[in-house]
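Peer 1: In order, the protein sequence lines correspond to chains A and B. For the first sequence, our numbering gives the first residue as 1, with consecutive numbering after it. For the second sequence, our numbering gives the first residue as 332, with consecutive numbering after it.
Treat the hints with care, since some could be wrong.
[Unchecked claim] Coverage of chain B stretches by chain A, computed from C-beta distances (three or more under 8 Å per stretch; other residues unrestricted):
1) 367 to 375
2) 509 to 521
3) 527 to 539
4) 600 to 614
5) 646 to 652
Hints in this document: simulated from the structure, not taken from any laboratory. The beta-carbon is built from N, C-alpha and C at its ideal position, and this holds for glycine as well.
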Amino acid sequence: MTREAAILAQGLTKYFRTRGGTVCAVDGVDIAVQRGETFGLIGPDGAGKTTVTRLILGLLTRSGGRSAILGYDSMHDTYAIRERVGYISQQFALPPDLTVLENLRFFARVQGVSPAEQRRRIPELLEFAGLTQFTGRLAGRLSGGMKKKLALACSLVHEPKVVLLDEPTLGVDPVSRREFWNLLGNLRAEKGLTISVCTPYMDEAERCNQVGLIYAGRLIASDTPQAIKRLVPGRLLEFTPSQPERAAARIERMEGMLEIQTYGLMLHVFVDDVAQRQAEIVAALATEGIACEGMREIEPRMEEAFISLIQRAQRQQEDTAHPAQRPEEGP
Amino acid sequence: MTVRESLPIPESADATPIVVDNLSKRFGDFVAVDRINFAVRRGEVYGWLGPNGAGKTTTIRMLLGLLKPSEGSCRVLGYNPATQAKAMQAHVGYMSQLFTLYRDLTARENIRFYGQVYGLSRASLRQREVEILEMAGLRGRENELTANLSGGWRQRLALGCAIVHRPRVLFLDEPTAGVDPISRRRFWALIYAMAKEGVTILVTTHYMDEAELCQRVGFISQGKLLALDTPARLKETQMRGQVLEIACADAEPAIRALHSAREDGLLPLGEVALYGAEIHAIVPDAQAWQQPIRDLLEAQGTAVQSIDWIAPTLEDVFISTVTSH
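Take these sequences, add in the hints, and give me the full structure.
Peer 2: Rendered as structure tokens:
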């Protein structure tokens, strides 16, 4: 028996009309998030993360393809989706002149939650979000992290089965960000909630079951974090050369060097063979009078994979001279 | 780097351009910065990390001379910011997360505007314009309205405007908020290029992967400096507990079991959290608690694939330090 995915997109496409003509913002995206999974959507600024999210929610009209949540079509079953789905948009702001408790009541009423149900759920949500002691505080006077937790609680007040979160932790400090993600983990573990998150933080992507990497409107990779990291060929060496720029230029000409990324004072070099190339790099740089410090093999993180995969996509796009978007140059 | 259009810098301050000595700031009863000491060497990239409201920005505002210390003192390039802010300004650059660019001016006009504010001569402004457009990768887009530039471009333009007068010390307050990883890497390459030329940089960030790039990092919480060292040393000395990565067939019931074991006092677990398909658990001693965790999970019917002792990230260390004080 196959159950339809909780969040589904098939060939999802969106064109925007602009003064210069038509721009393809989302280009045949396929996504299938199974029930109880946490899906992370990552990509450079302007790649289409927010547009995909809004298409799936039915807030934007798709130009082609299909999208659905819990089997309900994004465009035709909007009422059913509203009832079953929670959403935090990127610019989401809680009414600052309402208290924590009033905010929760306000969103409960908007979602048509009965007073009896409110009496049951609101204390639970306050407890879950760690806001029980702050019920009387104005939302405008909460810290950034507490605002985000309140926003999450408000998005859960109608007990949705699915939540879509668009950069929910932007600008929040690491301690609050960790707390927020631990809450998402609890929702997954305790309630089986299906979660889709757009995020600019690569460490957050590592906390998802599935990650979709979007570039210029196209999904260029979609898999588990481990599998996405394995898409980058070769093994990764990290070291601090005494002259990073000259070292990078020298290494670029050598055989077996698959990719070079700068990392502060360090270089990250993907090579085909660690033992052989490590020695060759040290020797080649020594002849130029460049010392190498702390050379070691490291596990690529999502961030290195992101940079590698996006840069590869950029090069391919430049090769085919696809005019739709103007990508950022790489580091 | 030479400073041509301003006063000379005292010789003594050249090696350690930023010196903070027992610095405190009180607002009424609230102690925002509490007797902090540190010094930043010439050409060093120094990370200033803390939760929101920890006192990071208040420290920077005192170093910029925008706030007067309640106690203690600080020196920037030998100047006392509280009394010599004006003389100091020609040597100091500042960029905040709300990078103050004029959106209705072009990239070039923004650089020009800031150059004029800093009183650059027409000739040196022309030269800086070219250098900054080149540095920020904005050549070919210099006549575009700033409003039409994407986040990464705008951020590099803001950095360019902050350094139009060739400062010797640069304060960056969350300069990369909301910018994607590729743009952030480029930005850090620029920071290090400046550091190599002897610019001293103090930077705050919420991205712990960026904090790893700093040569030294100070952790501040509730106004107090809790730890100060290289990222590698902080990981060795500041982490309370060790991190276990647990892989099992089904993470959701496993984490529920670990949460109840912690509540019932069966296992001395710190934070237990889902990381994708895996679970990270902080324990006092990784080797000692691997087996009891495995036993507990297997008794609950969860097949454990692996339990590995993994190195903490700087974020693990930061959270451990900040939450245990």
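Peer 1: Verify the coverage statement for the stretch 527 to 539 of chain B against chain A, using a C-beta to C-beta distance below 8 Å and requiring 3 or more qualifying residues.
Peer 2: Per the Cβ count (3), the hint holds.
Peer 1: Okay, the stretch 367 to 375 of chain B and chain A, do three or more residues pass the C-beta test at under 8 Å?
Peer 2: violated (count 0)
Peer 1: Report holds or violated for chain A covering the stretch 646 to 652 of chain B, Cβ cut-off 8 Å, minimum 3 residues.
Peer 2: With 3 residues close enough to chain A, the hint holds.
Peer 1: Check, residue by residue, whether the stretch 509 to 521 of chain B contains three or more positions whose beta-carbon lies closer than 8 Å to a beta-carbon of chain A, and give the verdict.
Peer 2: holds (count 10)
Peer 1: Against chain A, does the stretch 600 to 614 of chain B show at least 3 residues with beta-carbon separation below 8 Å?
Peer 2: holds (count 6)
The structure shown violates just one earlier hint, number 1.
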